Amino acid sequence: MIASSRSPLAWVVHLSVALLVILWTVPTAGLLISSLRDKDQLAVSGWWTSLADSTQNAVFRAPGADKQVEKNGKFVISGNVLEGGAGEVAAFGSSSLKPGDFEPGQTADLNGGEKLTVQADGSFEIVSDTAMEGTRGQRIFYQATVPSRFTFDNYREVFAAAGIGASFINSLTVAIPSTIIPILVAAFAAYALAWMKFPGRAILVAVVVGLLVVPLQMSLIPLLKLYNGVGLFLGVPAKTYVGIWLAHMGFGLPLAIYLLRNYMVGLPREIMESARVDGASDFDIFVKIILPLSFPALASFAIFQFLWTWNDLLVAMVFLGAGNEELVLTGRLVNLLGSRGGNWEILTASAFVTIIVPLIVFFSLQRFLVRGLLAGSVK
Amino acid sequence: MQQLFFAILTMIAGVLACVVYFFGTNFILDRLFPSKGLSGPNASRNLRITNAIRPWLFLGPALITLAVYLVYPVIESIRLAFHDKSGIEFVGIRNFVWMFNDGEFRQSIFNNFLWLLVVPALATFFGLIIAALTDRIWWGNIAKTLIFMPMAISFVGASVIWKFIYDYRPEGTEQIGLLNALVVYFGGSPEAWVTLPFWNNFFLMVILIWIQTGFAMVILSAALRGIPEETVEAAVIDGANGLQIFFKIMIPQIWGTIAVVWTTITITVLKVFDIVLAMTNGQWQSQVLANLMFDWMFRGGGDFGRGAAIALVIMVLVVPIMVWNIRNATKEMEGH
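Protein chains in written order, with the working numbering: chain X, 14 to 392; chain H, 6 to 341.
Please keep in mind that the hints were generated in silico from the structure rather than gathered at the bench.
It is possible that part of the hints are untrue.
[To be verified] BS3-like, lysine-lysine: derived pairs with alpha carbons at most 25 Å apart: (1) Lys84(X) - Lys111(X); (2) Lys276(H) - Lys252(X); (3) Lys210(X) - Lys276(H); (4) Lys238(X) - Lys90(H); (5) Lys90(H) - Lys252(X); (6) Lys128(X) - Lys80(X); (7) Lys336(H) - Lys238(X); (8) Lys90(H) - Lys276(H); (9) Lys252(X) - Lys238(X); (10) Lys87(X) - Lys52(X); (11) Lys210(X) - Lys301(X); (12) Lys128(X) - Lys111(X).
Since we're looking at a predicted model, the values are computed, not measured.
Excised from the complex, chain H in its bound form (with noise of 0.2 Å):
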């Protein structure tokens, strides 16, 4: 209780301290520079003058955190992943050799794979059914304010929840977990399904596709309203059937908006920890990188180099994407 009452005296000190800082220097500008109520080349000087610094003002605080926690932090990682477990040796690409020579870091990009094949072309499937589903029936937003709803839980939430369904009692006996009930009910044995190697990155993946369809499907349901009535009115005219509609017409208009969806679920799967890290901690050949990253940030007192290299190849795959995004957002840009 007492440190809840330290948070919200903090957070209510880090507001103020925004505040002081924002009004304070804009105050002093003005009155260093003023150009109210003044008139002539010197007022237009001041005026110029105020006008090129304080957008650096406004930019100060989020442009220093920004360096502090994520530009540094990439310089860094790149500089650590050349160096040995403390940091302080270079030791050139001597971490990149162990690495590629280490089952369990091949085995991780493996298993990187498959969920960048599975997670993302699935969530997206889904999403999109769903919401083109849900777009004509009366009960739609209920069914997709369910479908939406395990956004909200966290990845360690999920696992709980879905271990649950996996969870495994030995033949005979009564089972709990929804999964085996099923399998010995339609006459099959139960498994442990999460210590099946190869198999097991399929059972964790189902998670990350129940999160993340909601998302996908909230998305891709507005570009679908987005569509013009009239490119549909003239399908139906021409005698379109509704498969074909939705197929020839709907996707074809936003494919930008899957491709979207489609990324952002890439990203979110190569950052995956958390699932594998509740479920399974790698093991039974269920390892990724993200969790391969961590462990080795820890083990043996922490590895920083290996850790870091770890760290450079997640970034590697997210650079195609981040570039893409640049270009867009630029492009965007542009037109305004």
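Just chain X, same shape as in the assembly (with noise of 0.2 Å):
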């Protein structure tokens, strides 16, 4: 705009926005790459060494006496470290303590006068000059470089095992009635508030736009207090899917009735005349006119509102509960946090898996985001 394309004015610009794109995308590429990979290499190196070899210290049990065989007067047993595995033998050693005394090839003089040898493929050989006893064997301690590898392992072991299919099911059950139930009715209230004459209305538009910043933390223990009431009288749980889906359109109303006011008070008013003259009521204008009219509004509130209650802890965790069988997938994510907060591989893949729904409906429906954070903000 000001800077001409050649001037290293512009290159700077070009720099900065890029690092500024490095450092916001990093964080969750990095989640994401360290989720697909191998959990053992996950928990010693760094997301960003995923694709260069890295080096595990290991230990293998040789088998016992029983299997040595005899080859020109000396007593011999040998087999592969490595069983056959990817990878490569960097160093080996005799103790614990230290794995990388020597290099593959070298020859090692164990306690018992044995002498072993690891090769860099994996083979080993334990030779001995007398016969050697005991049914434990040797213990091998070496250090291998393993190939990076990238695995859905730690996917399959979330949903099978951490419960986060069943969340799955419990985010997807708490969303969609809440994201489509308040549209119609905060549409009616839109264009009443919008478009129709009556007294009072100034007042309820600021009311509205009042609500619109009331902290859900106001709510909560009113309404855990009403609910509880009312699963008392109705002898039925306080705690259920209707529960929620009622609380979550009661929070969302305000911004989807502010959303669409302002967009239908943006609608020409010669169209609303002309029908009116031709003898159409309110609500023949509002059904047939405004509201196929209003659909990038309602298709904005519906992400706001799909994003919202997904991405949501607070309100589940009040109004569903914190049991194992009714958690969402962001109360089971803090739960996991909780339980399991030193297995990456676990918190990596459930992490990705409750964003992978959010992330889908923002790339795809982005348009109709900026669309309503654009409207919706309070001007």
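Using the hints, build the complex out of the two chains.
What follows is the structure, encoded as structure tokens:
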């Protein structure tokens, strides 16, 4: 716009934007890459090294004395420490304190007078002049260079064992009705506030704007008490899906009404007036003209509400409970952080499962999201 | 699976109920006071009546829901804040006396003010810079999408992402957290960042800034594009350089939008709960009001009086912004 594309200033702009983009995307990228790594590698090396080979300390127990064979007057036990797996032996040793004392191909003297040789490909030989004894075999410590490995194992594990699958369904169960049901209710109210004349309209609009910023925390305790009361009165559990759907609808309505009203006010007055002259009632005008025209605003709200209900933790914890059965994805993730805080293969994969749905929604419907943001912020 | 089916059924039932309500009441209203096809004083009287009733039929479900889920709770919270833990016995201002003498509460207030100072300022600042820079390059939209992306991620998901970055391994072992790896690479010694009192607040704030910058960027970018070309052109003719144009011509014209972004993020900050719960649960002096309130809702069987008192503090902090918003909205309404 101002700087011409060839000036040094333009390069500064390109570079600084690139830097900011990297800063903003690296955290998510790290999570995604880590969730796909082999869990043993994930635990010992940073994800940025995931393309390079990693070195792991390992131990192998050689077969016992009964497997020895006599060869040229010497007793030999042989085998392969890698057991046919991928990788290479980088170093080996005979004690856990010094796993890297010897290079592959060198020979180490063991305590019993045996000689141990390990080759880079993992094959080893324990050679002794006298017959070896004992059923427990010699332990061989080694450092292996393992090529990087990517796998879906972590995902298989979280779906099978960590309860992520059930929580995924719970999250969908909460989010879908909470998104769809409020739309019609909000649309009718928004039309009334935008185009119908009645006493108290200005006050109601002000109330909606005010409710837009009421902290959710205010509502929790009274509503929990109310739900407990209703549950007791009707003899049903206080924490149900119906309860959370209604709660999400209540908390989403101010934004929905505000967004839709702002949009509908901007529609041309002439359309409505000519329809009215033709004898259409407000109801006809709304259903036949306004509702179809408001589709973009409805879509914006639906995306907001979906992201909000899917990502919500607080409302779900309070109104659905924190039991194992009813945890939504966000709640499950918090639980895993507590109980499996060190198991990054579980955490990274679970976190990615929770963010994948909103990310898909985000990338496919970003246009509506931006439009909603622009209309929804109080100007 | 079964419950998902149940959810979809309820959704259809809910939507149908709405449709039945709106069409049904409207149909009945038109039947009771017919005006179509009639003429004379009767018809116009009926038309007047239906026009007076219909807005309330339209508004009914929304108003009832808002009243139950937002208005009633605010009033009830105020009442509960002056009652004991079960909400039965009136205790006057005892909850507030307890609150201001409670070390954890004062810690939370202090931390919340830190958050309020840092997060809106930095998120708006980065948002503005990115909006201004990306407008000038051909791949600006791609850059914006990537920076906007964290908006879609839940606070809990973001917390896991960042906890991984702050991960700590004892000195000497290989670090798998990016931050500690960088520190070690440049010759420092690794730290368990989220357990450092005071400073851990800032490590938690980074998460919210990371999320909210995209929001600020989108709004400010639209505002920057709305600036009339002539003002910029005039400045160019007068010999202003890029920085002068940005600070003296463009910024003053979008002050209103900057204020909107700032206040919106401020409200988000006041309500922040998930990040603290997931990262530290208020340990190591990182407690904030919203998490403290959640704590008291359930701690020791739940103390609704104290919880409500803390909620009231959050509400009081929000009120100035609320008043400002309402005044702006009414001003705009008068223009219509």
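Inset, instruction - Please flag the earlier hints that this structure goes against, numbers listed from lowest up. - result: Structure breaks hints 1, 3, 7, 10.
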